[in-house]
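Student: Listed here are the chains, written in short residue letters.
Number of protein chains: 2
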Amino acid sequence: MPSVKAWDRAMAPRARCSPVAVRRCLPILAWLPSYSARWLRMDLIAGLSVGLTVIPQALAYAEVAGLPPQYGLYSAFMGCFVYLFLGTSRDVTLGPTAIMSLLVSFYTVHEPAYAVLLAFLSGCIQLAMGFLRLGFLLDFISCPVIKGFTSAAAVTIGFGQVKNLLGLQNIPRQFFLQVYHIFLSIGDTRVGDAVLGLVCMVLLLLLKLMRDHTPPVHPEMPLGARLSHGLVWTATTARNALVVSFSALVAYAFEEMGSQPFTLTGAIAGGLPPMRIPPFSVTTANRTVSFTQMVQDMGAGLAVVPLMGLLESLAVAKAFASQNNYRIDTNQELLAIGLTNTLGSLVSSYPVTGSFGRTAVNAQSGVCTPAGGLVTGVLVLLSLSYLTPLFSFIPKSALAAVIIMAVAPLFDTKIFGTLWRVKRLDLLPLGATFLLCFWEVQYGILAGALVSLLLLLHSAARPETQVREGPVLVLQPASGLHFPAVEALREAIARPALEVCPPRSMILVCSHVCSVDYTVVLGLGQLLEDFHKRGVRLVFVGLRVPVLRALLAADLKGFQCFSTLEEAEKYLMQDLGLEPYDICEDSDAAPEHTATLLQA
Amino acid sequence: MPSVKAWDRAMAPRARCSPVAVRRCLPILAWLPSYSARWLRMDLIAGLSVGLTVIPQALAYAEVAGLPPQYGLYSAFMGCFVYLFLGTSRDVTLGPTAIMSLLVSFYTVHEPAYAVLLAFLSGCIQLAMGFLRLGFLLDFISCPVIKGFTSAAAVTIGFGQVKNLLGLQNIPRQFFLQVYHIFLSIGDTRVGDAVLGLVCMVLLLLLKLMRDHTPPVHPEMPLGARLSHGLVWTATTARNALVVSFSALVAYAFEEMGSQPFTLTGAIAGGLPPMRIPPFSVTTANRTVSFTQMVQDMGAGLAVVPLMGLLESLAVAKAFASQNNYRIDTNQELLAIGLTNTLGSLVSSYPVTGSFGRTAVNAQSGVCTPAGGLVTGVLVLLSLSYLTPLFSFIPKSALAAVIIMAVAPLFDTKIFGTLWRVKRLDLLPLGATFLLCFWEVQYGILAGALVSLLLLLHSAARPETQVREGPVLVLQPASGLHFPAVEALREAIARPALEVCPPRSMILVCSHVCSVDYTVVLGLGQLLEDFHKRGVRLVFVGLRVPVLRALLAADLKGFQCFSTLEEAEKYLMQDLGLEPYDICEDSDAAPEHTATLLQA
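The listed protein sequences correspond, in order, to chains S and D.
Per the working numbering, the first sequence starts with residue 5, numbered consecutively.
Per the working numbering, the second sequence starts with residue 5, numbered consecutively.
Treat the hints with caution; some may be incorrect.
Note: identical chains are not told apart, hence a pair may lie in one copy or across any two.
Heads up, simulated DMTMM-like pairs for lysine to aspartate or glutamate below, C-alpha to C-alpha not over 25 Å straight-line [unchecked claim]:
hint, residue 1, residue 2
1, Lys322, Glu570
2, Lys212, Asp559
3, Lys322, Glu495
4, Lys418, Glu259
5, Lys322, Glu533
6, Lys322, Glu491
7, Lys574, Glu473
8, Lys322, Asp301
9, Lys537, Glu495
10, Lys418, Glu570
11, Lys561, Asp579
12, Lys561, Glu571
13, Lys574, Asp301
14, Lys322, Asp143
15, Lys561, Glu115
16, Lys418, Glu533
What the hints contain is simulated information worked out from the structure, not anything from laboratory work.
Values in this document were obtained by computation on a predicted structure and should not be read as measured data.
So that you can see chain S by itself, here it is in the shape it has in the complex (with noise of 0.2 Å):
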């Protein structure tokens, strides 16, 4: 990437025009005092290709959230002028994407009214989380949960989609019923709609390939080469436009023969949205919704809309950053993406979020900032305000294919493999949160939150020890020690030594535990109460500083340590009146060097 280092540059932390502060929380002044004419050229390139992307995506999309066509478009260019200000990554592009255009779905009853407020709730709770630095949130859901509930949302989403590419009518939005019903009038195939979905996939694929397999542009290219090359460029990165324009063109032109084989999308409001405050009551046919009213009926969406779409956008940065080498400000991205759909409700935008294809298609055009975003906010105003006569005639299934091509990619297959190989326990919230989500998205997230946070916290509270028998018994726990191990590390400590006859001193090389709690102490200070009582010894060794001070501090009766595990057996061994006996060689060792010996 030709920028990379401009960019870095630009927002390295020594200031040059305002003060440390000011430039985090508005990134542009870091770099558009750097901005420059080649920046520019870049920049026009990048957005223009993403506003190729986004249209079609918007019009699609909108169709996944259950609203009118017009909304996807309202809500595809106030992340962009909001992320120019305030975005801290210059791939990143914030708009509607399938994943939260499905949660729109199912939170919002398909009700403009709804997912407009659902947008300006969503940007509170998200601006809330940026200025209470609550990000650290997100650090809970682990890969194997996102990984499901993506692989999930893939399949809903792609599934969605097999109606309009059949021209089916009634089927219900449900995932189990739609499935059943599309089996069931599998035979009411429009065969127009089929023929035309089926060939605008695979020109979206053949063009997705062709993309992939460009040789990169050399400079010492002859024109003609470098003139084909641009034109194949274009080709692939406005794939999504070129195949939705040619199919609305084919719609059209049976459309003036009088004949229309395909399922349109039909009428779109035009112009630009109304700029009004989002809706916080409303009122339908025969009754009005109160605000109270629309927040119940939104339930778990409050929480798996706002957490999902930074989820989303930062990980979409993260991976970027880390692809083009610069480093993101994930607390000022939180600020971001709530004050985009914060500001978005005012202009009846639902939900947005970072779209991982955009932001690539963005990356890959060689974007040098935010200001790219610029370009593709002003190409879908354009487009809203003049192209919408001609969107009535994208046929229904063009659009179907747009969405599954790019949702296809969401779903993992190799994520079971390698779970299966890495770490078999992780294939539980993996599996825990796919089959869910097919039920309810939150169940899923929040069983496969829970699964994850079980298995850690079992592993808090069932520690391996490892135990080294001898003349006196050494014990060693191979991890931390919190409360919930007490029980566990009592009984491991007392089978082997206080419950065999007779009882047997023992040795307990804490190493690896770097704190411990009240509970952890008091539990210790019991355990040597046992021991006293039973007339042997439990010592301590390898204490670290902040465990050595809480044991100290809980003044426990028969508190002994020792620095090396040598010390300790001599001491015990004296006190049996046995001859030290020589364990390991070499015995100047550091006492972590026996607890190796222990574990091998």
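Once you've looked at the hints, dock chain D against the given chain S.
Tutor: What follows is chain D alone, placed relative to chain S:
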């Protein structure tokens, strides 16, 4: 204790007269064959002592539970009989306790039918937990939470008796309202009740102090000394019965004289409780409450009561097992308490658990087997059959004195100082539990458990890391790595290594990491890529076998590991074109040894 060896031998895992599995389920089969005349004598004395304690306490605790006094006695005998067959501790006595009575008063609207149904359902839940081996759930309630709960309960119960101590009428039961109304109507104090209550408290305190300071009896003592010793022992052990009988006598004398300065307990329904299935619906004056409604009314009580019952019972059993050097079977204890509550509900018992105070009386009386409970149970049944007319003369303030003296030791004043010294963070769950328990017990326990868990998760999410500067950076996480820690780890590694100019290679010392999950593996893989892109290296040292296996299975690009820190440093130095830098003197130490140096 003279009988320790005998009990231990009887309960030892080598069966003499029955298969091990049967003896595990029916521990009575283990000790009954060895039962001796000496055991019988000791058990008789202990059973009588406990009986004389439980009868006045049962009457008093029923008041705490908001039930008619006879329900305390109904609850006091089933535990003795069940524990005789199922108990694995010779000291524990099950029955009504102050804390369970308080919980019952919260969740049962002071209606016996609710209390009995709660006993039945709690018993079923406890039995289920026993059969499903869910006892480990109790490990997640940390010591500060238990201390906070018992201290708050002591204050609530103790303060709840002030109104009876002063003879005040019409005081609400809610804690804060109670405090307010008691101060409001302090002028209405009945002198007779107040004087009697204070006298009883002083008497109980004196008798308790006498008991604690009586020198142990010697067989060489003259008969007179032994007799007076026995007298003091009896008086101090049965001090509750003594004080209550004494005040009832005083009240009876006043009654005969035609004036009554005390508020009396009043008529108590006599006779044994009817044997019948628990009430699954209840009909009040004007309506019938269905089972579903009753369950909804009890709400969180269905979780709090069984869990707290198990916790209290197990805590008592463990404390005395440790004190008297024998082992209990946690799961068997779960079954015993569960069956006690289930069967108890057939004889109108409310939920019971192990009583700390009476178990202490039992142990100090030299009980040898759970057969002591048989005596206690029979004593309670006899008192129900023949003594209830006399109980009506017991002044309420005398019972209040019994309760206050019983719960006073539950308030642990030293715990705050201890936690301040040992682990300040643990003051958080303690404080949260203590304060919220005054509002609603379930919120207090839930909040405390959550705070404990959050502290645990925080330590898992933000592991400490130690960094050593030098030509090659060395970083060592102080504890295990789990998925919530990935972001923090990436930050901790990238900041000193990659966000500097020029970027630097790093050695990651993983000797304290005992396992990794997929999210961690993925994060490490991304770090490896980041290092690779910057042209530097990240190498691993001290990987334990499961961690190494997971990293190898994930097939990470550029993964390199060394068995010692020295090897890794030598390799990276050669890579940098520098001479190896001698860090520690004994260069053949294990990696953990150098890790120790890092910590210093």
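Student: Is the C-alpha distance from Lys322 to Glu570 at most 25 Å within one copy, between copies, in both cases, or in neither?
Tutor: neither (49 Å within a copy, 34 Å between copies)
Student: State whether the alpha carbon distance between Lys418 and Glu570 is at most 25 Å within one copy, between copies, both, or neither.
Tutor: Close neither inside one copy (49 Å) nor across copies (37 Å); limit 25 Å.
Student: State whether the alpha carbon distance between Lys574 and Asp301 is at most 25 Å within one copy, between copies, both, or neither.
Tutor: Intra 70 Å, inter 63 Å, cutoff 25 Å: neither.
Student: Between Lys322 and Asp143, at a C-alpha cutoff of 25 Å, which is it: within one copy, between copies, both, or neither?
Tutor: within (13 Å within a copy, 38 Å between copies)
Student: Measure nothing new, just compare the shortest in-copy and cross-copy C-alpha distances for Lys537 and Glu495 to 25 Å and report within, between, both or neither.
Tutor: For Lys537 and Glu495, only the intra-copy Cα distance (17 Å) is at most 25 Å; the inter-copy one is 49 Å.
Student: How do Lys322 and Asp301 come out at 25 Å by Cα distance, when the copy is not named: within, between, both, or neither?
Tutor: neither (33 Å within a copy, 50 Å between copies)
Student: Pop the pair Lys212 and Asp559 into one bin, within, between, both or neither, using alpha-carbon distances up to 25 Å.
Tutor: neither (70 Å within a copy, 28 Å between copies)
Student: Is it within, between, both or neither when you check Lys561 against Glu115 at 25 Å Cα-Cα?
Tutor: neither (69 Å within a copy, 48 Å between copies)
Student: Given a CA cutoff of 25 Å, do Lys322 and Glu491 count as a within-copy pair, a between-copy pair, both, or neither?
Tutor: For Lys322 and Glu491, the Cα distance is within 25 Å only across copies (11 Å; inside one copy 41 Å).
Student: Checking Lys322 and Glu495: alpha-carbon separation at most 25 Å within a copy, between copies, both or neither?
Tutor: Only across copies: Lys322 and Glu495 sit 12 Å apart there, 45 Å inside one copy, limit 25 Å.
Student: One pair to classify: Lys418 and Glu533, alpha carbons no more than 25 Å apart. Within, between, both, or neither?
Tutor: Intra 53 Å, inter 20 Å, cutoff 25 Å: inter-copy only.
Student: Could you figure out if Lys322 and Glu533 sit no more than 25 Å apart (CA to CA) within one copy, between two copies, both or neither?
Tutor: The answer is between: 13 Å across copies meets 25 Å, while 52 Å in one copy does not.
Comparing the model with each numbered hint stated earlier shows that hints 1, 2, 4, 8, 10, 13, 15 do not hold.
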